[in-house]
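S.K.: When you get a sec, could you build the whole thing from the sequences and use the hints?
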Amino acid sequence: MRHIVSLLVENEAGALSRISGLFSARGYNIESLTVATTEDSTLSRMTIITTGSDRIIEQITKQLNKLVDVVKLQDMTEGNFIEREMMFVKVKADGESKRAEIHRLSDIFRARIIDVTDTTFCIELTGSGDKLDAYIKAMHENNIVEVVRSGSMGILRGEKALTL
Amino acid sequence: MELSGSEIIIQFLKDEGVKHLFGYPGGAVLHIYDALQKQDDVMHILVRHEQGATHAADGYARATGKPGVCLVTSGPGATNAVTGIATAYMDSIPLVVLTGQVPSHAIGSDAFQEVDAVGVTRPCVKHNFLVKDLNKLAETLKKAFYVATTGRPGPVVVDIPKDITAPHIKIPYVYPEKIEMRSYNPNFKGHPRQIKRALELLLGAKRPMIYSGGGIIMGEASEELRKFVRKLGYPITQTLMGLGAFPGTDPQFIGMLGMHGTYEANMAMHECDVLFCIGARFDDRITGVTSKFCPYAQIIHVDIDPASISKTINADVPIVGGARQVLTEMLKALDKTELKIDKSAIDAWWKRIAAWQSQDSFAYDKTSELIQPQAAVEELYRVTKGDAYITSDVGQHQMYAAQFYPFDKPRRWINSGGLGTMGFGLPAAMGVKLAFPDKDVACITGEGSIQMCIQELSTCLQYKTPVKIINLNNRYLGMVRQWQEFFYEKRYSHVYMDSLPDFVKLAEAYGHVGIQVDKPADLHDAMVEAFKLKDRTVFLDIITDQEANVYPMISAGKAHNEMDISPLQQLKQASLKAKGELV
Ligand SMILES: Cc1cc2nc3c(=O)[nH]c(=O)nc-3n(C[C@H](O)[C@H](O)[C@H](O)COP(=O)(O)OP(=O)(O)OC[C@H]3O[C@@H](n4cnc5c(N)ncnc54)[C@H](O)[C@@H]3O)c2cc1C
Ligand SMILES: Cc1ncc(C[n+]2csc(CCOP(=O)(O)OP(=O)(O)O)c2C)c(N)n1
Ligand SMILES: [Mg+2]
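So the protein sequences, as listed, match chains A and B.
Using numbering that gives the first Met the number 0, the first residue of the first sequence is number 0, and each one after it goes up by one.
Using numbering that gives the first Met the number 0, the first residue of the second sequence is number 0, and each one after it goes up by one.
These aren't lab readings, by the way, just hints derived from the structure by calculation.
For each residue, glycine too, the CB sits at the ideal point set by N, CA and C.
Some clues are possibly wrong.
One-sided and incomplete, this derived list gives chain A residues near chain B with beta-carbon spacing under 7 Å [to be verified]:
no., residue
1, Gly20
2, Lys61
3, Lys65
Heads up, simulated DSS-like pairs for lysine-lysine below, C-alpha to C-alpha not over 30 Å straight-line [said to hold, decoys possible]:
no., chain 1, residue 1, chain 2, residue 2
4, B, Lys188, B, Lys226
5, B, Lys188, A, Lys159
6, A, Lys65, B, Lys310
7, B, Lys205, B, Lys310
M.R.: Rendered as structure tokens:
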């Protein structure tokens, strides 16, 4: 099953390699990993998307918790959470009809065009992984120049929070 | 007090109570060595190879329970230390390894003798640090000792760039008495409800088994384990790493379990209905094939590391906690409980165990004209009255040592179990002898293993650590040969040790005493002679039966009740069956 694990990690050089190293050394799957500092500059927040049987997920969370740099961890999948990913897509946009079609499609997906040239659009889109997939699918394949995806972030709904 | 980085390191070690530092100098640690030379509170032991430093510190740690400390230079110094660090990591031994690093400004430039020590050691340390700021040096060292010695212990590397140790930059130093780390909490207390459940299950058992391991020794819980097991009157087995925690000569101890454990311990594991595992980690040498492991048992697992629980074998009653704390709680609960042990079921269980025991699974040929390796270990046991510190290398000799030298005390049996590092024994013995100069220390080894760290014979002379080397010389990489005999139709591929050195001359060349024996009749006198030479390192080269095998054995894919047993046990089994004493 797919799990979304959030971590608070000491903002130290090497913390990221300890975590990614754990996944490769123990042969765990990693679908995506995002990381950035929080409002507290000594802490980073990390979201890891991983898959595995219950047993493997249990080992993953235990092994992550064991790392000295990991301050706190939560498997979001156990609760009610929101998951979002961000994507940039650069597409060919030459000719009026094509530009109009991209506009229409982007409106449907609530995507924003954030850069425009005579021949290209750059589009920003946020949503679940499925939604991003759907947008890519809807866009004609040979129109796509490049795709940049952030990997998912997660946060718990309601008052619950992953804080110190 | 204003001190340079180098002086801080030395002063810190003193304040931390470190008496011995195992190391080897080089460019990146020259400032530290200069500071080291100006004092004599911390004794530095100059090994002959950095692997030796880590194993010696490791042996010291296993024997004393205190952390072992090493100092090595950058680059090759650090990489040479890796095998010893990994050895300590696999067996959860507290080590603090200080590695020199190129100056901060040169890091990442492929500087002379630069290697990313933090990166290289990351997969085999409990934690590691790169010191980036002189002001954080003392605090980082304190963290290293704290992390290495608490919770599930393990090695910690502190990588120190040369500029941090510069003699002319001095800062105020205060010993950091206490350290707080928000991300590290090693204190787990067993949950009272789980402890209660475990006890109910244990007391209700008809065929109980206690299986304990290295965690009892690390957790200093031998005393509590003894009380607990004796109070229950149940059979106990221990892992290779747990030997000595419960006395090896106690009738309740039915031998080591696992690949080369006793027949009775493995059969009892297979047949038990409640398994109480404490401070052991269901290693694959223990479980055999996991799908057939303890098929009838409810499993209680006590471990200080949550990640050890339900990792390979699912626990019905998991208890995360320190062995000593949990056993203390269980002893209290045992005093209070109204529940009664099923006496007749336990008696019947002991009868079944006795029947397995009567087959004598360790039997070996006592009439041979060749020295049997088992006999050599038994002789060692007699001559040292079972009270020596025994280190070992890796191979058949290690198994014979575990099988034929019963340990009655914890921390007496010192070997590399998890990594199985040939070369461990001699430097480890050196470390033990430094910790306990008045005790007998022997290293049981093989002609293959001993050559992996033989250079430490030189260190033994310099620091007067008169250890006894018991070389079970079968002229084979015996353990590998045994596998090739059993599983590769005797195709002996590269296991014959050609061109062996003359170990007697070799020992003499290093300034020690060498003795060779090849007849069973000479074994006793040679052994006595070796131990009589109190202040000499003695290399006892024992020429043993080349084809001897370690029995019994659980081969790959087999369960505990499907052991390969020795030809002698097969005969015994047949005769017991014929007499109707065995079904
Ligand atoms: C050639 C060879 C053959 C071998 N054959 C065998 C064999 O036949 N039988 C055998 O047993 N082994 C054998 N081994 C050793 C084997 O590989 C493992 O090293 C060993 O079985 C592990 O022992 P353990 O389970 O006690 O774990 P250890 O490695 O000692 O781990 C200890 C466990 O206790 C926990 N712990 C630590 N501190 C505490 C505390 N304070 N409280 C509670 N828990 C704590 C740790 O978290 C860990 O889970 C062999 C090794 C070699 C090289
Ligand atoms: C460093 C290292 N290399 C290889 C091995 C694999 N290995 C395990 S036992 C063994 C043979 C050991 O030979 P020896 O020391 O003579 O002991 P014996 O088995 O003959 O008693 C080998 C090669 C190992 N454990 N460690
Ligand atoms: Mg050999």
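S.K.: For each hint given before, does the structure comply? Return the numbers of the non-compliant ones in rising order.
M.R.: none
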